[in-house]
Amino acid sequence: MNEAEPQIVVKDLDMGYGSFILIRNLNFIVNKGDIFIIMGGSGCGKSTLLKLLVGLKEPLSGQVFYDGTSFWEAGPEEQKRIMRRFGILYQSGALWSSMTLAENVAIPLEQYTSMTRAEIQDLVSLKLALVGLAGFEDFYPSEISGGMRKRAGLARAMALDPDILFFDEPSAGLDPVSARLLDDLILELRDSLGTTFVVVTHELGSIFAIGNNSVYLDVQTRTMTASGDPNRLLAESKDPTVRAFLTRGAEGK
Amino acid sequence: MAIESIDQTSSHLKLSNPDSTTLVIHLTDDWRTTSHLAAFENVCQGLETMPSLNKVLFDASGLTGWDSKLLTFVLKVRGWCDDRKVDLALEGLPGGVQRLLHLALAVPERQGARKDAERQPFFPRVGEKALQVYASAGEMLAFLGSACVAFGQLLKGKASFRRSDLMLFVQESGVQAFGIVSLVSILVGLIFAFIGAIQLKTFGAQIYVADLVGIAMVRVMGAVMAGIIMAGRTGANYAAQLGTMQVNEEIDALQTLGISPMEFLVLPRMMALILMMPLLCVYADIMGILGGLIVGVTMLDLNPVVYLNETKASFNMTNLWIGLIYSAMFGVIIALSGCLRGIQCGRSASAVGDATTSAVVTGIVSIIIATAILTVIFSILNV
Ligand SMILES: Nc1ncnc2c1ncn2[C@@H]1O[C@H](COP(=O)(O)OP(=O)(O)O)[C@@H](O)[C@H]1O
Ligand SMILES: [Mg+2]
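Residue numbers (numbering that gives the first Met the number 0), protein chains in the order written: chain A, 0 to 252; chain B, 0 to 382.
Mixed in with the good hints, there may be bad ones.
To be verified - Listed below are the simulated BS3-like cross-link pairs for lysine-lysine, each with C-alpha atoms no more than 30 Å apart in a straight line: (1) A/K79 / A/K56; (2) B/K13 / B/K84; (3) B/K68 / B/K155; (4) A/K79 / B/K13; (5) B/K200 / A/K56; (6) B/K13 / B/K54; (7) B/K311 / B/K200; (8) A/K79 / B/K155; (9) B/K13 / B/K75; (10) A/K237 / A/K10; (11) A/K237 / A/K79; (12) B/K13 / A/K56.
Quick caveat, the hints were computed from the structure, so don't treat them as lab data.
Please work from the sequences and hints to get the whole structure.
Structural data, given as structure tokens:
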């Protein structure tokens with residue numbers, strides 16, 4: 000990347016449920032083409048932050064800008080237009096259980112493109128093959144394993160070649176080889192299509208392999224305690240909890 | 000050193016104080032979950048009797064076995080000591096206990112995460128319930144509003160849903176409901192005829208059983224019976240389907256794709272019911288008349304042709320239209336209450352159960368209320 004171009008800007012964000020404030024005072028920038036990692040202990044609010052970034056949950060206060068547009072101040076049409084550029088992989092896959100994998104991947108294409116049925120079918124097969132599910136077109140989500148569901152969810156998230164892909168723990172439940180293939184796929188999509196990624200993950204291997212920017216959410220202080228390139232954080236961060244996280248508890252604390 | 004034993008001791012526990020500021024807790028015998036032990040409160044009383052206490056020690060030399068029971072006891076003592084700024088030395092405890100305690104205390108409790116079960120006095124609770132009712136009425140109206148918007152989109156031909164879904168729902172709420180609708184309607188027709196026959200026979204007017212059953216079924220009972228059956232059958236089905244989709248984040252996945260769950264999920268279900276309910280109603284009417292016929296022929300010795308002619312003579316189009324209006328109305332009510340409760344569903348298995356129950360209750364109550372309102376309106380209009 001030659002020039003950093005901000006795609007998502009988060010400003011003074013507080014989030015929580017009802018009156019319970021989970022994380023306060025978040026400030027960070029995700030640039031175009033970044034692979035941005037959201038990390039932190041379980042239960043610190045990573046999934047909640049992701050829900051907020053994709054527009055499913057309103058912040059308690061603060062703003063989120065996409066290409067300069069403040070999402071929560073925009074009208075519903077504008078919000079819809081912004082959200083259409085997202086692809087999202089949910090923690091549980093969230094495939095539509097009454098449809099086959101092929102239909103799941105085809106829905107976004109049927110909604111937003113004018114492709115013919117045959118073209119859609121070809122594209123669906125390609126996306127499923129990219130995530131290692133070639134030949135599973137006619138399976139229902141209940142007929143495949145958890146890891147496979149996750150990969151099918153990824154295929155659906157990629158269907159429209161979105162500008163920003165959000166992943167919630169993509170490699171949880173994947174075997175090491177599939178997890179590695181997923182990392183390669185993320186890097187390849189970034190390099191070839193310029194996609195921006197926002198990834199929630201605990202997988203230290205992939206954090207260091209793919210991440211070039213990150214934010215660390217701390218349970219205790221309930222705010223972000225570190226941000227930046229994870230490799231640089233590992234080398235330079237002085238914060239004991241961040242160090243403990245990045246070294247699997249070998250250092251820090 | 001004057002060792003003075005304090006009264007509150009038990010078979011597993013002895014307290015002693017070597018001097019006036021130190022307390023030693025002697026643990027003896029078997030400290031396991033299965034054994035019956037002295038309550039912590041006993042120890043507490045012992046502790047309270049020493050105002051100048053500033054150090055608590057453990058002595059586990061007599062301990063023969065332990066498990067989590069001992070850990071919880073030590074944690075309680077620790078809590079007590081923390082509250083009163085008393086030093087607690089864990090060194091006297093077995094090594095395993097010390098290490099497990101260390102792990103249990105490694106992650107400090109999250110402030111504000113513990114839910115305090117505060118019991119509200121009566122009036123605030125009533126007030127809160129009233130506010131909840133108000134909020135849920137608002138939600139219902141909002142849902143109704145967006146259903147209307149979705150319907151508008153449909154009329155403009157811009158609604159996005161799958162035609163194959165619609166066909167599936169039509170099948171589920173139409174043909175597949177015939178069995179139960181037949182059974183219930185025939186029985187209702189039978190019961191009507193039976194009760195009518197008892198009265199009318201005394202006047203020798205049994206032939207009017209045909210009028211009674213025919214008018215009642217066509218005008219209102221066919222529609223109401225079909226509505227109640229469908230509320231229990233299809234309304235519950237819709238609530239459970241949408242509720243499970245909510246649990247699996249499937250509805251989130253639709254929303255983030257910019258697909259309106261209202262158009263994609265609710266609209267086809269509603270259309271299927273609006274289309275099928277009037278047909279089911281006509282079907283229920285016919286089955287009810289059939290039930291009446293059975294009673295007329297077998298019990299009252301009426302000729303079937305005579306019975307049917309009498310039914311035909313009593314039939315008028317207005318009654319049929321009224322029945323159809325009722326049933327279309329019920330279709331909307333059942334679909335909306337099922338879908339509303341499904342979409343509002345929380346994210347757990349029990350929430351899906353609650354949504355289903357609530358859908359059926361909402362559906363049936365609304366059907367009865369709507370019937371009452373429509374009946375009054377029709378009688379004012381004199382039809
Ligand atoms: N629907 C909810 N209502 C109230 N609190 C919630 C809800 N969902 C999550 N939380 C709280 O938010 C915290 C963070 O949840 P989450 O974002 O899922 O964590 P994670 O970082 O593991 O993905 C949890 O510890 C929980 O206490
Ligand atoms: Mg999570």
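Practice task
Below or equal to 30 Å on CA atoms is what counts here, so check B/K13 against B/K54.
Solution key: holds (16 Å)
Practice task
For the pair supplied as a hint, A/K79 and B/K13, confirm whether the alpha-carbon distance does not exceed 30 Å.
Solution key: violated (70 Å)
Problem - Agreement of B/K68 and B/K155 with the hint, judged by alpha carbon distance not exceeding 30 Å - result: violated (69 Å)
Practice task
Given the hint that B/K13 pairs with B/K75, test it: the Cα-Cα distance must not exceed 30 Å.
Solution key: holds (17 Å)
Handout entry: A/K79 paired with A/K56 [C-alpha distance capped at 30 Å]
Key = holds (14 Å)
Practice task
For the pair we were handed, A/K237 and A/K10, check the Cα-Cα distance against 30 Å.
Solution key: holds (24 Å)
Handout entry: Agreement of B/K200 and A/K56 with the hint, judged by alpha carbon distance not exceeding 30 Å
Key = Cα-Cα ~68 Å, so violated.
Handout entry: Distance restraint between B/K311 and B/K200, which requires alpha-carbon spacing of 30 Å or less
Key = holds (21 Å)
Exercise for the section: Take a quick look at whether A/K79 and B/K155 sit within 30 Å of each other, Cα to Cα. Expected result: holds (20 Å)
Exercise for the section: Decide if the proposed pair is consistent with the structure: B/K13 and B/K84, CA atoms, cutoff 30 Å inclusive. Expected result: holds (22 Å)
Handout entry: Distance restraint between B/K13 and A/K56, which requires alpha-carbon spacing of 30 Å or less
Key = violated (56 Å)
Handout entry: Restraint check for A/K237 with A/K79, where alpha carbons must lie at most 30 Å apart
Key = Since the Cα atoms of A/K237 and A/K79 sit roughly 41 Å apart, the hinted pair is violated (cutoff 30 Å).
The structure does not agree with the numbered hints 3, 4, 5, 11 and 12 stated previously, though it agrees with the rest.
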